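Student: Given next are the chains, with one letter for each unit.
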Amino acid sequence: MLAYIGRRLLATLPVMAVVAVFVFSMLRLTPGDPASIIAGAAATSQDIVLIRQKLGLDRPIVSQFFIWLGHVLSGDFGESFFYKKQVAELIADRVGPTLALATLTMALSILISVPLGVVAAYRQGTWLDRVVMGFSVLGFSVPVFVIGYALIYVFSIRLNWLPVQGYQPISGGFGGFVQRLILPSLTLSVIYIALIARITRTSVLEVLGEDYIRTARAKGLTNRVVLMRHALRNAAVPIVTVVGLGIALLIGGVVVTESVFSIPGLGRLTVDAVLARDYPTVQAVILLFSVTYVLINLLVDVAYPLLDPRIRY
Amino acid sequence: MLNLRSCKLALPTTVAALVATFVMVNAEAQTTLRVVKHSDLKIVDPIWTTAYITRDHGYMIYDTLFATDANNQIKPQMVEKFDLSADKLTYTFTLRSGLLWHDGKPVTAEDCVASIKRWGAKDAMGQKMMSFVKDMPVVDAGTFQIVLSAPTGLVLTALGKPSSAVPFMMPRRVAETSPNEQISDYTGSGPFVFKKDEWKPGDKAVYVKFDKYKPRTEPPSGLAGGKVAKVDRVEWKVVADQQTAVNALIAGEIDFIEQPSHDLLPILRNESSIKLVDWNPLGNQYAFRFNTTAKPFDNVKIRQALLYAFNQEDFLQATIGDKQYYKTCKALFVCGTPLASDKGMDGLLESNFAKAQALLKEAGYDGTPIVLMHSTDLQVLTNLAPVAKSLMEKAGFKVDMQSMDWQTLVARRAKKDPPTQGGWHAFITSWVSADILNPVSTAFLNSSCDKALFGWPCDAQIEKLRDDFARETDPARQKAIAEAVQVRWTQYPTHIHLGQWYQPGASRKNVDGYVVAPASVFWNIGKTGK
Chain R
1 MLAYIGRRLL ATLPVMAVVA VFVFSMLRLT PGDPASIIAG AAATSQDIVL
51 IRQKLGLDRP IVSQFFIWLG HVLSGDFGES FFYKKQVAEL IADRVGPTLA
101 LATLTMALSI LISVPLGVVA AYRQGTWLDR VVMGFSVLGF SVPVFVIGYA
151 LIYVFSIRLN WLPVQGYQPI SGGFGGFVQR LILPSLTLSV IYIALIARIT
201 RTSVLEVLGE DYIRTARAKG LTNRVVLMRH ALRNAAVPIV TVVGLGIALL
251 IGGVVVTESV FSIPGLGRLT VDAVLARDYP TVQAVILLFS VTYVLINLLV
301 DVAYPLLDPR IRY
Chain G
314 MLNLRSCKLA LPTTVAALVA TFVMVNAEAQ TTLRVVKHSD LKIVDPIWTT
364 AYITRDHGYM IYDTLFATDA NNQIKPQMVE KFDLSADKLT YTFTLRSGLL
414 WHDGKPVTAE DCVASIKRWG AKDAMGQKMM SFVKDMPVVD AGTFQIVLSA
464 PTGLVLTALG KPSSAVPFMM PRRVAETSPN EQISDYTGSG PFVFKKDEWK
514 PGDKAVYVKF DKYKPRTEPP SGLAGGKVAK VDRVEWKVVA DQQTAVNALI
564 AGEIDFIEQP SHDLLPILRN ESSIKLVDWN PLGNQYAFRF NTTAKPFDNV
614 KIRQALLYAF NQEDFLQATI GDKQYYKTCK ALFVCGTPLA SDKGMDGLLE
664 SNFAKAQALL KEAGYDGTPI VLMHSTDLQV LTNLAPVAKS LMEKAGFKVD
714 MQSMDWQTLV ARRAKKDPPT QGGWHAFITS WVSADILNPV STAFLNSSCD
764 KALFGWPCDA QIEKLRDDFA RETDPARQKA IAEAVQVRWT QYPTHIHLGQ
814 WYQPGASRKN VDGYVVAPAS VFWNIGKTGK
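Chains as they are written, first to last, in my numbering: chain R, 1 to 313; chain G, 314 to 843.
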């Protein structure tokens, strides 16, 4: 297993290299010029040229790439063109809210969707099954921001139970921290609940037809034990796969939620940086997302043998 | 050992504790004004950049020697008294006593001279003013002079300039930073102090009241008068989504939205706890900018054809919609201000397509498609280019409207490449009216060829008139020159003004004292309760 993990970690290096080349070149190919944006409306051509020189944007692209790569390999992601802060510092400021939002979203999603999916499979064909599947379709179809606005309208404006927007770090008080995350997490979790519930139902349905389930029932075990200990456990592999994919997708999904609920996270930082052509920030954030995605996939693969001892690497 | 009784007792206690942590108790004794501005504060040097958000940041923490009041008159601010020598060549300025920087040190004449120099090196109006300045000697700690090589009416106008770049005063050590570098020390002498440690770009910027600020005794008027900070703390929160900002205002989580989008104003108007605040009655002006270096817009007659083809009402209807928030105005220099005039504008901007077509024919227009850049992500600009396309086509132009985000447009407008190879013919933008009050400050009138702004108009007559305006000290003669500029502009269009529009702010009703000015400022504003 350790050898497998080691091989997978080594394999991330060429992946990251490809991502680095891709994101660097895509940014440079995108129309727009950070020097013009920084210089402002009243700038002369000379102002723009000076800024371009200062930012190193007048050098050949290949030189820019290797200079940037060299810095990244030594842990320096550079300085934001706009915020005049180290990119690492900007990311450190923003990673907390995104992590909090993503964690609560996945926790809610798993806690709600897995039991829903199991119950839907167990009650296949009944009204409960249809309701769960109907909700699942709705969850895929309704855009995230519509769900967000609807929840804000009901719980913030009408009932005044929860705040409309904002983020409070946990150091500012646990109550406020959770309060401000409830609506955004619920908003974002709808689509994941839909996805995971559906996969759970399908996977559990397959397993429920197996001989060992019939044996378990014949032994007189309760439905709860049959479902949770035998069926779910054997159905877990595809569910874990989808959860892993969901976490990776979540990285992109937080952008809209962070905008709607005004959470100063990595998603908004990425959008703002892209719109402003803040190359160092965009490059660093994309690299971070890529590493995260690769590690999540690795964790999912490592989880398989724990769930199914027949799987060996 | 756990037992049922202890669990039963523990449970409600735990729940109560959890509920208590959910109750939002406002333990702050100080008043905090929570504001959603039009943009995120990224750059904090108001001399280095002309971005309005940075200008507004400047008004929080800096002060100015002079300022423009509500009647568009220049009034002393940091200056106690000033005089002009009989030969009109020497201004002597004496600072008010007791002015302090945020670090407690006194404001001196040396600080002011250094600040003027830095601003004058960067700002277009400042550069014009400095072209007349021979010397700026410091007389004593509170007095300095500006010695001119020739008389000019620009000195007070420039030093009291309301909008970007505003000549904010900074400590000498800060003002000696090269104008091509950004400052890193945010010490000012204004009514608020910038809390750099609490500044989170993309999230919020925080200002606290400067207790040692010495306001003038007059009531506030525009950007002049007494600047009394009536709240302890001002937070500029970044709320990217307009609907969320409106919801937060209704819920009482924020106190003021500086520029809510026009389509949300009806919601705000109907909310009993909200009022609309017309803090900038001068508003803004749309402008259609030509690239005079790109055929066929290098031909004056073809540009003049658009003066006949366009009308302002169509643009304003398409973008603003509600007549309450826009005004057609043929004056180049903003209706309602001293230099506004309709001279030379008869028959223009009335969509006379026949006249436009005649001019095109006379000019020999060969059907070259006009590359019109269309920005799609700024709500107040998005609908303008399609209207322009429609009117231009009715006048006989062929139009190639190309859609892009604003930042792409900004990059492309700096290019002089042929329009078919990444260049451009035209685009539409908006100016804050305070920036276009006279021929010198109106950047689009600068016709100094390659030294002009993108579009690069080249006309010696307009430049001569602008220079004459800069030299003139008599207001009546300044007006005559401004009218002459407007008349010349009809003969050599550098851009076309497409009407004035206004965007009120929205505030909770328990907040009052808003100052009517071209920039949203936060002195004089008080807040009661929540």
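You may find that some hints are simply not true.
Derived pair list, reagent style EDC-like, types lysine to aspartate or glutamate, alpha-carbon separation capped at 20 Å [what the hints assert, rightly or not]:
| id | chain 1 | residue 1 | chain 2 | residue 2 |
| --- | --- | --- | --- | --- |
| 1 | G | K509 | R | D33 |
| 2 | G | K509 | R | D93 |
| 3 | G | K728 | R | E89 |
| 4 | G | K729 | R | D58 |
| 5 | G | K729 | R | D47 |
| 6 | G | K508 | R | D33 |
| 7 | R | K85 | G | D510 |
| 8 | R | K54 | G | E494 |
| 9 | G | K509 | R | D301 |
| 10 | G | K430 | R | E89 |
| 11 | G | K441 | R | D47 |
| 12 | G | K517 | R | E89 |
| 13 | R | K84 | G | E494 |
| 14 | G | K418 | G | D400 |
| 15 | G | K513 | R | E79 |
| 16 | G | K508 | R | D93 |
| 17 | R | K85 | G | E494 |
Pairwise CB distance ranges (calculated) [claimed, not checked]:
| id | chain 1 | residue 1 | chain 2 | residue 2 | range |
| --- | --- | --- | --- | --- | --- |
| 18 | G | D448 | R | K84 | 28 to 38 Å |
| 19 | R | K54 | G | P594 | 52 to 62 Å |
| 20 | G | A383 | R | V62 | 25 to 35 Å |
| 21 | R | P238 | G | E584 | 43 to 53 Å |
| 22 | R | L299 | G | Q440 | 51 to 61 Å |
It is worth saying that the hints were derived from the structure and are not from the lab. From a predicted model like this one, the values you see are computed outputs, not experimental measurements. Every residue gets a Cβ at the ideal spot worked out from N, C-alpha and C, and that includes glycine.
Student: Could you run down the list of hints and mark each one as holding or not?
Tutor: We went through each hint and held it up to the structure:
Proposed proximity of K509 (chain G) and D33 (chain R) is contradicted: the alpha carbons are some 28 Å apart, above 20 Å. Between K509 (chain G) and D93 (chain R) the CA atoms are separated by roughly 14 Å; this keeps the pair inside 20 Å, and the hint holds. A threshold of 20 Å between alpha carbons decides the hint, and for K728 (chain G) with E89 (chain R) the separation of about 34 Å lies outside it, so the pair is violated. As the CA atoms of K729 (chain G) and D58 (chain R) are separated by approximately 18 Å, the hinted pair is consistent with the 20 Å bound.
Using a Cα cut-off of 20 Å, the hinted pair K729 (chain G) and D47 (chain R) holds, with the two alpha carbons roughly 15 Å apart. Between K508 (chain G) and D33 (chain R) the CA atoms are separated by roughly 31 Å; this puts the pair beyond 20 Å, and the hint is violated. A C-alpha spacing of about 13 Å is found between K85 (chain R) and D510 (chain G), which places the hinted pair at or below 20 Å, so the restraint holds. Restraint check: the Cα-Cα separation between K54 (chain R) and E494 (chain G) comes to about 10 Å, which is no more than 20 Å; the hinted pair holds.
Pair hint K509 (chain G) plus D301 (chain R) does not hold up; C-alpha atoms about 45 Å apart against a cutoff of 20 Å. Only pairs whose Cα atoms come within 20 Å are accepted, and K430 (chain G) paired with E89 (chain R) is rejected, the gap being roughly 34 Å. With a C-alpha separation of about 17 Å, the suggested pairing of K441 (chain G) with D47 (chain R) holds against the 20 Å cut-off. A distance of roughly 16 Å separates the Cα atoms of K517 (chain G) and E89 (chain R); the hinted pair therefore holds under the 20 Å criterion.
Proximity of K84 (chain R) to E494 (chain G) is assessed by CA-CA distance (about 11 Å); at most 20 Å being required, the pair is judged to hold. In summary, the hint linking K418 (chain G) to D400 (chain G) is not supported, as the alpha carbons are separated by about 36 Å, beyond the 20 Å threshold. Distance restraint check for K513 (chain G) and E79 (chain R): the Cα-Cα separation of roughly 15 Å lies within the 20 Å cut-off, and the hinted pair is therefore satisfied. A C-alpha spacing of about 17 Å is found between K508 (chain G) and D93 (chain R), which places the hinted pair at or below 20 Å, so the restraint holds.
The hinted pair formed by K85 (chain R) and E494 (chain G) meets the criterion: a straight-line CA distance of about 15 Å does not exceed 20 Å. Distance hint for D448 (chain G) and K84 (chain R): a CB-CB separation of about 34 Å, consistent with the stated range 28 to 38 Å. Between K54 (chain R) and P594 (chain G) the C-beta distance comes to about 40 Å, which lies outside the given range of 52 to 62 Å. Between A383 (chain G) and V62 (chain R), the C-beta spacing of about 57 Å breaks the proposed range 25 to 35 Å.
Range check, P238 (chain R) to E584 (chain G): about 49 Å between beta-carbon atoms, so the 43 to 53 Å window is met. Take L299 (chain R) and Q440 (chain G): their Cβ atoms lie about 60 Å apart, and the range 51 to 61 Å holds.
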